[in-house]
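Based on these hints, arrange chain U on the given structure of chain P.
Here is how the chains run, residue by residue.
2 protein chains.
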Amino acid sequence: MMSKPTILITNDDGIEADGLLVLAHAMKEVGQVFVVAPRTEQSAVSYMVTIRDPLRFFNWDLGEGITACALTGTPADCIKFGVGTWLGRKPDLVVSGINQGPNTAVNLLHSGTVGGAIEGCVEGIPSVAFSLDSFDKHADYTTAGKVAQKVAHQVLNLGLPDGIMLNVNIPYMPEKDLKGFRIARQARSRWDEAFTERKDPIGRPYYWLAGYHINLDQGPDTDLAVVEAGYVSVTPLQLDRTDYAFARTMQEWTW
Amino acid sequence: MMSKPTILITNDDGIEADGLLVLAHAMKEVGQVFVVAPRTEQSAVSYMVTIRDPLRFFNWDLGEGITACALTGTPADCIKFGVGTWLGRKPDLVVSGINQGPNTAVNLLHSGTVGGAIEGCVEGIPSVAFSLDSFDKHADYTTAGKVAQKVAHQVLNLGLPDGIMLNVNIPYMPEKDLKGFRIARQARSRWDEAFTERKDPIGRPYYWLAGYHINLDQGPDTDLAVVEAGYVSVTPLQLDRTDYAFARTMQEWTW
Numbered sequence: 001m002m003s004k005p006t007i008l009i010t011n012d013d014g015i016e017a018d019g020l021l022v023l024a025h026a027m028k029e030v031g032q033v034f035v036v037a038p039r040t041e042q043s044a045v046s047y048m049v050t051i052r053d054p055l056r057f058f059n060w061d062l063g064e065g066i067t068a069c070a071l072t073g074t075p076a077d078c079i080k081f082g083v084g085t086w087l088g089r090k091p092d093l094v095v096s097g098i099n100q101g102p103n104t105a106v107n108l109l110h111s112g113t114v115g116g117a118i119e120g121c122v123e124g125i126p127s128v129a130f131s132l133d134s135f136d137k138h139a140d141y142t143t144a145g146k147v148a149q150k151v152a153h154q155v156l157n158l159g160l161p162d163g164i165m166l167n168v169n170i171p172y173m174p175e176k177d178l179k180g181f182r183i184a185r186q187a188r189s190r191w192d193e194a195f196t197e198r199k200d201p202i203g204r205p206y207y208w209l210a211g212y213h214i215n216l217d218q219g220p221d222t223d224l225a226v227v228e229a230g231y232v233s234v235t236p237l238q239l240d241r242t243d244y245a246f247a248r249t250m251q252e253w254t255w
Numbered sequence: 001m002m003s004k005p006t007i008l009i010t011n012d013d014g015i016e017a018d019g020l021l022v023l024a025h026a027m028k029e030v031g032q033v034f035v036v037a038p039r040t041e042q043s044a045v046s047y048m049v050t051i052r053d054p055l056r057f058f059n060w061d062l063g064e065g066i067t068a069c070a071l072t073g074t075p076a077d078c079i080k081f082g083v084g085t086w087l088g089r090k091p092d093l094v095v096s097g098i099n100q101g102p103n104t105a106v107n108l109l110h111s112g113t114v115g116g117a118i119e120g121c122v123e124g125i126p127s128v129a130f131s132l133d134s135f136d137k138h139a140d141y142t143t144a145g146k147v148a149q150k151v152a153h154q155v156l157n158l159g160l161p162d163g164i165m166l167n168v169n170i171p172y173m174p175e176k177d178l179k180g181f182r183i184a185r186q187a188r189s190r191w192d193e194a195f196t197e198r199k200d201p202i203g204r205p206y207y208w209l210a211g212y213h214i215n216l217d218q219g220p221d222t223d224l225a226v227v228e229a230g231y232v233s234v235t236p237l238q239l240d241r242t243d244y245a246f247a248r249t250m251q252e253w254t255w
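Those protein sequence lines, which keep their order, are chains P and U. First residue of the first sequence: 1, per my numbering; consecutive thereafter. First residue of the second sequence: 1, per my numbering; consecutive thereafter.
Isolated chain P (complex conformation):
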């Protein structure tokens, strides 16, 4: 009998998030589950690692069949700690999420959830980030958990090439209304932002980041578009950010 695959889980909403709990219980049907998640919310920390402060560790109870701990760091820290120190070996799969809110377009560059999966990928482990297209703190992650099971089975069966991870975004709807899966590309988008100035009780100014997301990309094959159309978007992301086409153009530049 084959032994169950080892699955290491993190997220960026923190150890107490609903999406993490649903993902951990969904993965119990796929393999042996280990969770190492940030002690507090780490949204928008991207692929940050903590190098100026030490980290604290807490054992955590997430229910039967799940070995879990929390770390006072980022998702990338959690995967580094999980693989290098806590497990002390490479798992068969890293999954990150299920994030509260989509990580499509430029938002996937900021995402701590994606950052956790990037670290798994850097370490040579098949890795997937999962996000739900709802910012509701009390959203129902049931459908997303089933989607995550399906994707985890695919990746364990088919593998991923070195240096490529998957970014999965799941529409917020009952399973029966989902239209299926689409391989999608990252949309080009940006935020239009100005900072809001406020005054503290002693009159000194402080600034809050505030703005709105602008889609600059009307393609029907983007992550934004397919989720909007009711499909699970699956985007393979590469660690190598070199733009090879423009690198060839730049060979003509004289210095």
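Be careful, since some hints might not be right.
List time: in silico DSS-like cross-link candidates among lysine-lysine, alpha-carbon distance up to 30 angstroms [to be verified]:
| id | chain 1 | residue 1 | chain 2 | residue 2 |
| --- | --- | --- | --- | --- |
| 1 | P | K90 | U | K199 |
| 2 | U | K90 | P | K199 |
| 3 | P | K28 | P | K199 |
Calculated from the structure, these hints are not laboratory results.
Quick look at chain U alone, frame taken from chain P:
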């Protein structure tokens, strides 16, 4: 007479770093200079943005001909603040650095210096990250400053396509020993890491990230290799992380 281009500068070593000062003074010969840098060191914060805390702002004196301020945020926050609120308009160029230490291979994914340039690129501004191949706090940035001038002139003259920024790494040597410029790709590398456990004065454990960098890529055309060989490496980086080749392969997957 053409007006001087507006240049917005940030870094991740913070407003007090030598590399920032050298870059700001080097850019004075290229355009009108505005600096908005993190109040404290923000190494390895990647493309993080601060969404759970407000930011504080400080006017700063970096010398004649330089308008400067510090912000209690990340490099990406600084560019968002600089463009959206402080300048209130798009500059002609964003430059980030000069970083203390190289941002080659996987390190460019963690880099806050690169994160600042990513934000410029997302906002549709030609953007360049500069890093010096020396971790010496008292390194001489003179050569790197001259390289930055040359690259800034090139980019202002030739432009960059939408969604592509440049990542420039400079060998640590006198200008006369530099072999020239090479267009290079991002090397594939990882860190081998375990966390070091220590005990605080009341006996509770805490963990420091510790490890060493492993180059997994022996190509002569990587950023790591060309800097090692004495060339300035120039790598065009794309915002779009979609792996299109593997996306085509994945079209065959059945769900």
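Holds or violated: are the alpha carbons of K90 (chain P) and K199 (chain U) at most 30 angstroms from each other? 27 angstroms, holds
Would the pair K90 (chain U) and K199 (chain P) pass a check requiring their Cα atoms to be no farther apart than 30 angstroms? 27 angstroms, holds
Straight-line alpha-carbon gap K28 (chain P) to K199 (chain P), limit 30 angstroms: 49 angstroms, violated
Checked against the numbered hints given earlier, the structure breaks only hint 3 and satisfies all the rest.
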